[in-house]
Amino acid sequence: MTSLSSRRARRMQNDINVVPYIDVMLVLLVIFMVTAPMITPGQIELPSVGTASEVPVQPLEVQIDAQGALSMRLREGGASFRPVDSANLLAEVRAAATPDTPVVISADGKVPYESVMKVMDQLRNGGISKLGLLVNQNAPGGRQ
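Numbering follows our numbering, with no gaps: position 54 of the sequence shown is 99.
If you are wondering where the hints come from, they were derived from the structure by calculation, not from laboratory data. For glycine and all other residues, C-beta sits at the position ideal for the given N, C-alpha and C. Check before you lean on any hint, since a few could be wrong.
Claimed, not checked - Think about it this way: if two alpha-carbon atoms lie no more than 20 Å apart in a straight line, the pair counts; the simulated EDC-like pairs of lysine to aspartate or glutamate are:
{"#": "1", "residue 1": "Lys175", "residue 2": "Glu137"}
{"#": "2", "residue 1": "Lys155", "residue 2": "Asp145"}
{"#": "3", "residue 1": "Lys155", "residue 2": "Asp110"}
{"#": "4", "residue 1": "Lys163", "residue 2": "Glu137"}
{"#": "5", "residue 1": "Lys163", "residue 2": "Glu106"}
{"#": "6", "residue 1": "Lys175", "residue 2": "Glu106"}
{"#": "7", "residue 1": "Lys163", "residue 2": "Asp130"}
{"#": "8", "residue 1": "Lys163", "residue 2": "Asp110"}
{"#": "9", "residue 1": "Lys163", "residue 2": "Glu121"}
{"#": "10", "residue 1": "Lys175", "residue 2": "Glu121"}
{"#": "11", "residue 1": "Lys155", "residue 2": "Glu121"}
As the list claims (entries may be wrong) - If you anchor each label on the Cβ, the simulated ranges turn out as follows:
{"#": "12", "residue 1": "Leu178", "residue 2": "Ala136", "range": "43 to 49 Å"}
{"#": "13", "residue 1": "Glu121", "residue 2": "Leu178", "range": "16 to 22 Å"}
{"#": "14", "residue 1": "Lys175", "residue 2": "Ala124", "range": "16 to 22 Å"}
{"#": "15", "residue 1": "Thr146", "residue 2": "Thr85", "range": "52 to 58 Å"}
{"#": "16", "residue 1": "Pro65", "residue 2": "Val180", "range": "43 to 49 Å"}
{"#": "17", "residue 1": "Leu178", "residue 2": "Gln112", "range": "47 to 53 Å"}
{"#": "18", "residue 1": "Val102", "residue 2": "Val75", "range": "40 to 46 Å"}
{"#": "19", "residue 1": "Gly123", "residue 2": "Ser174", "range": "46 to 52 Å"}
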């Protein structure tokens, strides 16, 4: 009879002792609570359209109208747009601009985004490094 009662006393339990895990969790919580106020958050200063500085060199503007036709001009007083074929765009831009001349793309609001990105990719792949988008700062209903 003693052998039968000793078997029951040595039976394995299916319980997990979670007390050590709770202790570790509380220690980590205290460590994070103490160190969190000491960490300084990174500050990012984003440029805004309204406070953009004046460009020292007059940029070359590539315009895409509502029908998708391309034209270009130097942004200086009295310059007018001249039509450009999309196949000759890169050659025309290189002929009209120096390596220091920035190129800006202006597009009608009805032009699909894909068309603007194709022109931008064509110029970027052609070696034009100073490339940007022209925005209308005084658009009605737009954010300033």
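Here's how the hints hold up against the structure:
1. Between lysine 175 and glutamate 137, the direct Cα distance comes to roughly 16 Å. Compliance with the 20 Å bound is thereby established for this hinted pair.
2. Restraint check for lysine 155 and aspartate 145: the C-alpha separation of about 31 Å exceeds 20 Å, so the hint is violated.
3. For the proposed pair lysine 155 and aspartate 110, the alpha carbon gap of about 8 Å is at most 20 Å, so the pair holds.
4. Distance check on the hinted pair: lysine 163 and glutamate 137 sit about 16 Å apart at the alpha-carbon level, within 20 Å; holds.
5. Only pairs whose Cα atoms come within 20 Å are accepted, and lysine 163 paired with glutamate 106 is accepted, the gap being roughly 16 Å.
6. With a C-alpha separation of about 12 Å, the suggested pair lysine 175 and glutamate 106 falls inside the 20 Å cut-off, and the hint holds.
7. Of the supplied pair hints, the one linking lysine 163 and aspartate 130 holds, its CA atoms being roughly 14 Å apart against a limit of 20 Å.
8. Taking the CA atoms of lysine 163 and aspartate 110, the gap is near 14 Å; set against the 20 Å cutoff, the hint holds.
9. With a C-alpha separation of about 26 Å, the suggested pair lysine 163 and glutamate 121 falls outside the 20 Å cut-off, and the hint is violated.
10. Our distance criterion of 20 Å between C-alpha atoms is met by lysine 175 and glutamate 121, whose separation comes to about 18 Å.
11. Distance hint between lysine 155 and glutamate 121 is unfulfilled; the C-alpha atoms sit about 26 Å from each other, more than 20 Å.
12. A hinted range of 43 to 49 Å is violated for the C-beta pair leucine 178 and alanine 136, which are about 22 Å apart.
13. At about 20 Å, the beta-carbon gap between glutamate 121 and leucine 178 stays in the expected band of 16 to 22 Å.
14. Under the hint 16 to 22 Å, the C-beta atoms of lysine 175 and alanine 124, about 19 Å apart, fit the expected range.
15. Checking the proposed 52 to 58 Å range against threonine 146 and threonine 85 shows it is violated: the Cβ atoms sit about 41 Å from each other.
16. Against the hinted window of 43 to 49 Å, the Cβ-Cβ separation of proline 65 and valine 180 comes to about 60 Å, which falls outside the hint.
17. Checked against the hint of 47 to 53 Å, the C-beta distance between leucine 178 and glutamine 112 comes to roughly 20 Å, which is inconsistent with it.
18. A hinted range of 40 to 46 Å for the beta carbons of valine 102 and valine 75 is inconsistent with their spacing of about 58 Å.
19. Under the hint 46 to 52 Å, the C-beta atoms of glycine 123 and serine 174, about 28 Å apart, miss the expected range.
Against the hints set out earlier in the document, violations occur for numbers 2, 9, 11, 12, 15, 16, 17, 18, 19.
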